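S.K.: The residues making up each chain are set out below.
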Amino acid sequence: MNSEQQIIDSNLKKEYEYGFVTDIESETLPPGLNEEVIRIISKKKDEPQWLLDWRLKAYRHWLKMDEPKWAKVVYPEIDYQDISYFSAPKKKELASLDEVDPELLATYNKLGIPLEEQKMLSGVAVDAVFDSVSVATTFKEELKKEGVIFCSFSEAVKNHPELIQRYLGTVVPYTDNYYATLNSAVFTDGSFVYIPKGVRCPMELSTYFRINEAKTGQFERTLIIADEGSHVSYLEGCTAPMRDENQLHAAVVELVAHRDATIKYSTVQNWYPGHPETGAGGIYNFVTKRGTCLEDNSRISWTQVETGSAVTWKYPSCILKGDNSVGEFYSVAVTNNYQQADTGTKMIHLGKNTKSTIISKGISAGHGQQTYRGEVKIMKGADHARNFSQCDSILIGDTCGAHTFPYINVRNPSAQMEHEATTSSIGEDQMFYCNQRGISSEDAVSMIVNGFCKDVFKELPMEFAVEATKLMEVSLEGSVG
Amino acid sequence: MLDIQNLHARVEDKPILKGINLAIKSGEMHAVMGRNGSGKSTLSNVITGREGFTVTQGDVNYKGESILDWSPEDRALAGIFMSFQYPIVIPGVNNTYFLKAALNAKRKHEGEKELDAAGFLKLIKQKLAELDMDTTYLQRGVNEGFSGGEKKRNEILQMLTLQPDLAILDETDSGLDIDALKIIAEGVNQFRNVDRSLLVITHYQRLLKYIKPDVVHVLIDGQIVRSGGKELALELEEKGYNWLES
Chain C
0 MNSEQQIIDS
10 NLKKEYEYGF
20 VTDIESETLP
30 PGLNEEVIRI
40 ISKKKDEPQW
50 LLDWRLKAYR
60 HWLKMDEPKW
70 AKVVYPEIDY
80 QDISYFSAPK
90 KKELASLDEV
100 DPELLATYNK
110 LGIPLEEQKM
120 LSGVAVDAVF
130 DSVSVATTFK
140 EELKKEGVIF
150 CSFSEAVKNH
160 PELIQRYLGT
170 VVPYTDNYYA
180 TLNSAVFTDG
190 SFVYIPKGVR
200 CPMELSTYFR
210 INEAKTGQFE
220 RTLIIADEGS
230 HVSYLEGCTA
240 PMRDENQLHA
250 AVVELVAHRD
260 ATIKYSTVQN
270 WYPGHPETGA
280 GGIYNFVTKR
290 GTCLEDNSRI
300 SWTQVETGSA
310 VTWKYPSCIL
320 KGDNSVGEFY
330 SVAVTNNYQQ
340 ADTGTKMIHL
350 GKNTKSTIIS
360 KGISAGHGQQ
370 TYRGEVKIMK
380 GADHARNFSQ
390 CDSILIGDTC
400 GAHTFPYINV
410 RNPSAQMEHE
420 ATTSSIGEDQ
430 MFYCNQRGIS
440 SEDAVSMIVN
450 GFCKDVFKEL
460 PMEFAVEATK
470 LMEVSLEGSV
480 G
Chain S
0 MLDIQNLHAR
10 VEDKPILKGI
20 NLAIKSGEMH
30 AVMGRNGSGK
40 STLSNVITGR
50 EGFTVTQGDV
60 NYKGESILDW
70 SPEDRALAGI
80 FMSFQYPIVI
90 PGVNNTYFLK
100 AALNAKRKHE
110 GEKELDAAGF
120 LKLIKQKLAE
130 LDMDTTYLQR
140 GVNEGFSGGE
150 KKRNEILQML
160 TLQPDLAILD
170 ETDSGLDIDA
180 LKIIAEGVNQ
190 FRNVDRSLLV
200 ITHYQRLLKY
210 IKPDVVHVLI
220 DGQIVRSGGK
230 ELALELEEKG
240 YNWLES
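Keeping their order, the protein sequence lines are chains C and S.
Just so we're aligned: 27 in numbering that gives the first Met the number 0 is position 28 of the first sequence, and the numbers increase by one with no gaps anywhere.
Just so we're aligned: 108 in numbering that gives the first Met the number 0 is position 109 of the second sequence, and the numbers increase by one with no gaps anywhere.
One chain only, chain S, in its complex shape (with noise of 0.2 Å):
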């Protein structure tokens, strides 16, 4: 599904990823752990192909293609989804809106018929039920006046809505309280299937206690520099980051 090789990237003048290699296979959840500042947001910034972040050397393939001249929703339509850090405020407009017009964008993409507002409705009410969200949502703004909780768990719910193949989680456990965690945690479990790819960047290992992941990675420095299964999660938590510094 996913393939990095010997990623570099930097960020105006300064080099942040220093030579990256994962790959992550078809139905793997993989999570890159390290502290603030070790790369991971660049990281998936520049899967997702964000401006300002420059690839100097090395190569990101997605289902077998180079895709580092591809735009974002290029990316996107092609079933890259990406839960954000912060998620964005777009002020005035709604969420069956902006919701409709991307799962829209990316049935039109793949030849389906794009489903009409009643047919969306009856999609997003269950997604919703599934994250125990309320209806009040689809008339508010996209992320406006949200909670930090609430904004997290609008990116889970697009992330149900829009089905991608590869979906990577920057930082989505910050900010939750222990009850919204394990509601995303379920929406996250329930979307992993054998088809599906996950990366689930984060900080701390408290949603890692639900959601398994195949394979966990230890960036420092723009290096991966341990992998190992999911117990090297917990030997972080105990041990912290320094032992793994050179």
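Just chain C, with the same shape it has in the complex (with noise of 0.2 Å):
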């Protein structure tokens, strides 16, 4: 018997204790929130006490909030007490790929997914030799030779107590909002990174996390720390279209870069969208991601490629607190079909000096409703702070929506500010003019479109700058007649 058996086994042994019954063979819990359900999470991944003190304060705070209601997104109440907040993280496993939804592997043939990362994502079964294990094994030792810590959060908790103790929360704390409290109160698991001073990651985290995404649950937590002079690049999802039982998903992510350390955070989204015709079953997309450039010289950067989902709201920030530091946000979101998407960013400049870009790029199709809704703070000891900011929506067909929201706050009159914002349709000329050169309809769409989108696709890193460009492709396949 492993040893993370035998933590779950005296867990579960444990919580009787407390009067709760849980069916001993499942490894999910019962639908409903309660303290006792936060206990026991807490004690199946044996945390320490302080987290779970952490957990509870944010639990009956949470208890004292109201869902938000001002985004522009519609979908049906969500009862909180139906969800099950523990759920091991087991797939059943599949014999073959032929066992796999043959519409699902349609998908990864067209986005070039090779098929040994086929069989992963869809849950096959794969041998222990498969190459992508033994190259994250490689990484991990590279990684270990230069100081980097990577690995889940559970295991940062057991681990690097000391730094999850330091940071957890600073950035996003737990009264943050209804969403983000909640997953403070029940977050199952995540990733962690701590950069050493003045190293440089020497690859981007992406391919490793791609091995271990399939396993993330609901409830996500990710801290991501750049001490002094550190750079480092992350990559979280993936091109390929990920199911999940859960529709809920309400992660958090905390970034925090030290003096002159760079973050660059990127993420490519494919959530299931929901029936193309009805939108039923997609995933709600709830996340709060926010970056503190704390000290001075300090960068944060946001790429986000966001085309899954039914419902998305999502605003990944920047505190700019340090003096010129920089704050970045590229977006690029599609709604198709039934999705809806209200995304954005906030750029609070506190420091002198500082910087923000934001740059949004909107695509609505089908019956697509997509909101941008940005927030540019400039404080009063903001000397000399900038923001430019470009917020561009195409609309393909006529039952599709774009909205755009930027609130600018400015409290120091040296601030620069530059907003430009435009929306168009794919114009007719532009398409008859790829077709008498010979271009279908379909290929003029995806073609336009990731014209429109170069600005943010080339922040990504490359290889997953060629896969978002095929995503696009396949989200808004069947958009034009």
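What the hints contain is simulated information worked out from the structure, not anything from laboratory work.
Please read these numbers as outputs of a predicted model, since none were measured by experiment.
All the pointers check out, no bait thrown in.
Label-pair distances were calculated between CB atoms; the ranges are:
id: 1; chain 1: C; residue 1: E276; chain 2: S; residue 2: D68; range: 26 to 32 Å
id: 2; chain 1: S; residue 1: S173; chain 2: C; residue 2: M461; range: 41 to 47 Å
id: 3; chain 1: C; residue 1: H402; chain 2: S; residue 2: V193; range: 57 to 63 Å
id: 4; chain 1: C; residue 1: D382; chain 2: S; residue 2: R106; range: 57 to 63 Å
id: 5; chain 1: S; residue 1: G174; chain 2: C; residue 2: E276; range: 47 to 53 Å
id: 6; chain 1: S; residue 1: G147; chain 2: C; residue 2: K144; range: 54 to 60 Å
id: 7; chain 1: C; residue 1: H402; chain 2: S; residue 2: A117; range: 43 to 49 Å
id: 8; chain 1: C; residue 1: M461; chain 2: S; residue 2: D2; range: 50 to 56 Å
id: 9; chain 1: S; residue 1: K124; chain 2: C; residue 2: E141; range: 36 to 42 Å
id: 10; chain 1: S; residue 1: Q138; chain 2: C; residue 2: E374; range: 31 to 37 Å
id: 11; chain 1: S; residue 1: E143; chain 2: C; residue 2: E145; range: 37 to 43 Å
In silico lysine-lysine, DSSO-like type, Cα no more than 30 Å apart, as pairs:
id: 12; chain 1: C; residue 1: K345; chain 2: C; residue 2: K71
id: 13; chain 1: C; residue 1: K453; chain 2: S; residue 2: K126
id: 14; chain 1: S; residue 1: K107; chain 2: C; residue 2: K469
id: 15; chain 1: C; residue 1: K453; chain 2: S; residue 2: K124
id: 16; chain 1: S; residue 1: K112; chain 2: C; residue 2: K469
id: 17; chain 1: S; residue 1: K17; chain 2: S; residue 2: K229
id: 18; chain 1: S; residue 1: K124; chain 2: C; residue 2: K469
id: 19; chain 1: S; residue 1: K124; chain 2: C; residue 2: K457
id: 20; chain 1: C; residue 1: K457; chain 2: S; residue 2: K126
id: 21; chain 1: S; residue 1: K112; chain 2: C; residue 2: K453
id: 22; chain 1: S; residue 1: K126; chain 2: S; residue 2: K211
id: 23; chain 1: C; residue 1: K157; chain 2: C; residue 2: K196
id: 24; chain 1: S; residue 1: K121; chain 2: C; residue 2: K453
Here a beta-carbon is modelled for each residue, glycine too, at the ideal position from N, C-alpha and C.
Mind assembling these two chains? They're in different frames, but the hints should get you there.
M.R.: Here is the structure:
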């Protein structure tokens, strides 16, 4: 019996003390949320007391909060007592790709995902000698050599409690917002990264992560710390369509950049968007992502390509505390069929000579509804702060919508602000020009849209830029008649 | 190659073409001249199948088949090319990518192997040199930030690369200085051969100094009122269009 199993078992026994009846056979808690559930989660994970206390504070605070209604999205009421808050990260393994939904495989092939990776993504059992696994091990060793810590959140709680205790909740406090507070109470796992002083992380933290991705739960927690003068590029997500039985996803990501440090965080999100004609069964993605440029000359850059989910509520933000710190937000969001997205960013300028750039590209097709919501705040002490915002939307067809709500709040007269916004439809003239050169309408749309997104795609790590291009094609399939 | 019979077409409710008859054989170059609003551009748009132009009567036959029901891309793949009067900008899509996609769509249609990046680059570099164009062109967006002359040159570059059977040059000479005009004319002349046909649509005869049409047609109010040899172009230059109006 391995130690993990022992921990789970011993915790399962303890549960009884609290009078909570659970089916020992299954590793999933019955639906419902109360303090006992949180205690069980914490125990199952063998957490220290302070973390349990933090979870409980969050839970008690959450009880007093109301679900936010200001976003321009519509979805049925969520019954939080009807959700199971702990499910062992174990997936049923399939014997071969033949057992996988052929539709899913077709999409994988369109995206050009290698066969071995397809197996992994769809939960097919893979050989112990499977390349990526050994690659992952090699990566781990290389990272270790540099002193980089890259592990699951639970492992970090065990092995690096001092770092977790020092940074957890410092960027997104447990009181922050309804979903983040819920996450703070019930989060199950996630990732932890620490880059030591002066280290430039020798690789994109991506390939490795994709291997682990298949096991992430619905309440994920990620914490990335870049110490003085360090540099890291982190990629989350996957271009492959991800299905999940859990409809609600409320993740929290916290980034901390110390003096002269740079964090580049890229996301490619392609959760199941729901039934193409009804939107039924799609994922609700209510995420809180925020980074603090804690000290001088630090830089945080968010790049996101959002093509999935039924409902997206997401505002990766930067708090520019250190002087000369830089915050960036590059976003492409696609809403097709019945998808809805309310997304954008917040740039809070506190330090002197802080600079932020926002480039947001929204594409709506079918009955998709999309909102850009962004806030740029220049606080009193932020002398000579600068912001450049550009929000462009493109509409395909006449049943979709694009909305832009930029909030600008300037309290320092030396600030320089620039804001540009455009909304256009794919021009008949552009389509005809492509057609006249023998390019089909489908290819023309994907070409025009990819051109439109270029400023954002070029911010993605190379390999993902290529995949993102293909992803756009697949996401917009069937959007022209 | 192209046989237009009694073609009537309208834009929205307005009749523009009122019975055009025009036959272009393989190897021939025809020029259609006319003032603004005479229907020149409508003619080229109807031949290429653009949305918004409704044919109410008559037929357009290409290589012996009526093409009025064909989609614009099917017409293009069959070998009909138009050099646009106002070339379209597609921001962020670079010329290399665009032209390679177009060429490969055609090659695929013809059952040929698609060109890879290296093969395409070799081909395009040769064409660029012929038109005295810079290789920085390849990295720029399609017509993005191009001057009027650069846009027109780009159209001819596309023509030379795609090697159509029927090329329609819609006001290709407008907005060009004399040097650019000469380079383009050279490109067009080099393109001409016994298997290809050209339809040159123009307002002025200055392009016709450098490329000699076999037949010149004068279009007034949606009808061809006179056809003749290349000397007709010179006559128009001298006398204007008024003397042809009824």
